[in-house]
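Participant: Sequence:
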Amino acid sequence: MVEILAHRGNIIGSDYQRENQVSACKECLDLGFGLELDVRTYKNNLYAKHDQVTSEQTQSWTEIVEVVKNYPQLTIAINIKDTGNENALIKSIFQLNLLKVFLFDLELVVGIENYDSFTSVYKSLNSQLEIAIRVSDKGETLERAIESTSNVVWLDEFDSFWLSQQVIHKLNLAGKKVYAVAPDLHKHSANISLARCQEFAAWNVAGICTDYPIMLRDLLKEI
2 MVEILAHRGN IIGSDYQREN QVSACKECLD LGFGLELDVR TYKNNLYAKH DQVTSEQTQS
62 WTEIVEVVKN YPQLTIAINI KDTGNENALI KSIFQLNLLK VFLFDLELVV GIENYDSFTS
122 VYKSLNSQLE IAIRVSDKGE TLERAIESTS NVVWLDEFDS FWLSQQVIHK LNLAGKKVYA
182 VAPDLHKHSA NISLARCQEF AAWNVAGICT DYPIMLRDLL KEI
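Basically this note's numbering = 1-based index in the sequence shown + 1.
Read the hints as simulated data drawn from the structure, not as lab findings. Don't take each hint at face value.
Ranges of calculated distance between the beta carbons of each label pair, as one might list FRET restraints [claimed, not checked]: (1) 190 x 118: 36 to 42 Å; (2) 219 x 125: 17 to 23 Å; (3) 44 x 147: 36 to 42 Å; (4) 56 x 205: 40 to 46 Å; (5) 18 x 140: 31 to 37 Å; (6) 98 x 139: 40 to 46 Å; (7) 97 x 147: 34 to 40 Å; (8) 31 x 57: 24 to 30 Å.
Simulated crosslink set (PhoX-like; lysine-lysine; CA at most 25 Å straight-line) [to be verified]: (9) 171 x 27; (10) 82 x 70; (11) 139 x 171; (12) 70 x 124; (13) 101 x 222; (14) 139 x 188; (15) 70 x 27; (16) 70 x 92; (17) 82 x 92; (18) 139 x 178; (19) 101 x 44; (20) 92 x 124.
We treat Cβ as the ideally placed atom computed from N, Cα and C, and that holds for glycine.
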């Protein structure tokens, strides 16, 4: 069964008011969905927010972890938004089931050229931690992912629907666990996105990240 990750805790489309909020996260987890969450630093504390943090009233990362730890069977994908918080982040997620947690998007923060060195920093703090490697149509190549020691791949389609069954098959053969980004995260309609997600599922991805987890689950039940 394909894992469905609720993007920022969204459930029926993009909703800025509920994104990365602890109540939204709990609702998704109660429904059996994994989560994709953003984490960044502000005044030496961790917060769950995609954009820059400008207030200490922002959703506390610690509050979310306190909820997530009660659902060890569900996958949590943590989108790293900045650096300098490595020790605090690793300490915060120590109580989670690290077999179901991975960090990703490190390349977008530090650049592909620095990915390996920053991955080593995280691994030195906890060798069990999984750092996903990106594959996309923005210079993050399939070959790089296959050669990587990372066991998790984050697949993304920015400018075109370039992914194919062959690409995912190659990654699976290389022993990678593949998570695909639904087109709705890049402003495509729900209908277009769900049709593409249906292809991803048929091609044996491990999981899909979407703003429409309920609609996607209902669709996949029909297959």
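Participant: Mind checking the hinted window 36 to 42 Å against the Cβ distance between residue 190 and residue 118?
Facilitator: holds (40 Å)
Participant: Go ahead and decide if the range 24 to 30 Å is satisfied by the Cβ distance of residue 31 to residue 57.
Facilitator: With a Cβ separation near 28 Å, residue 31 and residue 57 satisfy 24 to 30 Å, so the hint holds.
Participant: Measure nothing beyond the straight line between the CA atoms of residue 92 and residue 124; if it is 25 Å or shorter, mark the hint as holding.
Facilitator: holds (13 Å)
Participant: Can the restraint linking residue 82 and residue 70 be considered satisfied, given a maximum Cα separation of 25 Å?
Facilitator: Holds: residue 82 and residue 70 sit about 21 Å apart, inside 25 Å.
Participant: Assess, step by step, whether the Cα of residue 70 is no farther than 25 Å from the Cα of residue 124, and give holds or violated.
Facilitator: holds (21 Å)
Participant: Is residue 139 close enough to residue 188, meaning Cα to Cα at most 25 Å?
Facilitator: Judged against 25 Å, a Cα distance of about 17 Å means the pair holds.
Participant: Range first: 17 to 23 Å. Now tell me if the beta carbons of residue 219 and residue 125 are that far apart.
Facilitator: violated (43 Å)
Participant: Is it true that the C-beta distance of residue 18 to residue 140 lies inside 31 to 37 Å, as the hint says?
Facilitator: Given a distance of about 34 Å, which is inside 31 to 37 Å, the answer is holds.
Participant: Between residue 139 and residue 171, is the straight-line Cα distance small enough, at 25 Å or below?
Facilitator: holds (19 Å)
Participant: 40 to 46 Å was suggested as the range; check whether the CB atoms of residue 98 and residue 139 agree with it.
Facilitator: violated (31 Å)
Participant: Between residue 97 and residue 147, does the beta-carbon spacing fit 34 to 40 Å?
Facilitator: violated (28 Å)
Participant: Could you check the hint for me, namely that residue 56 and residue 205 are 40 to 46 Å apart, CB to CB?
Facilitator: The hinted range 40 to 46 Å holds for residue 56 and residue 205, with Cβ atoms some 43 Å apart.
Hint compliance for this structure: hints 2, 6, 7, 9, 19 are broken, all remaining hints hold.
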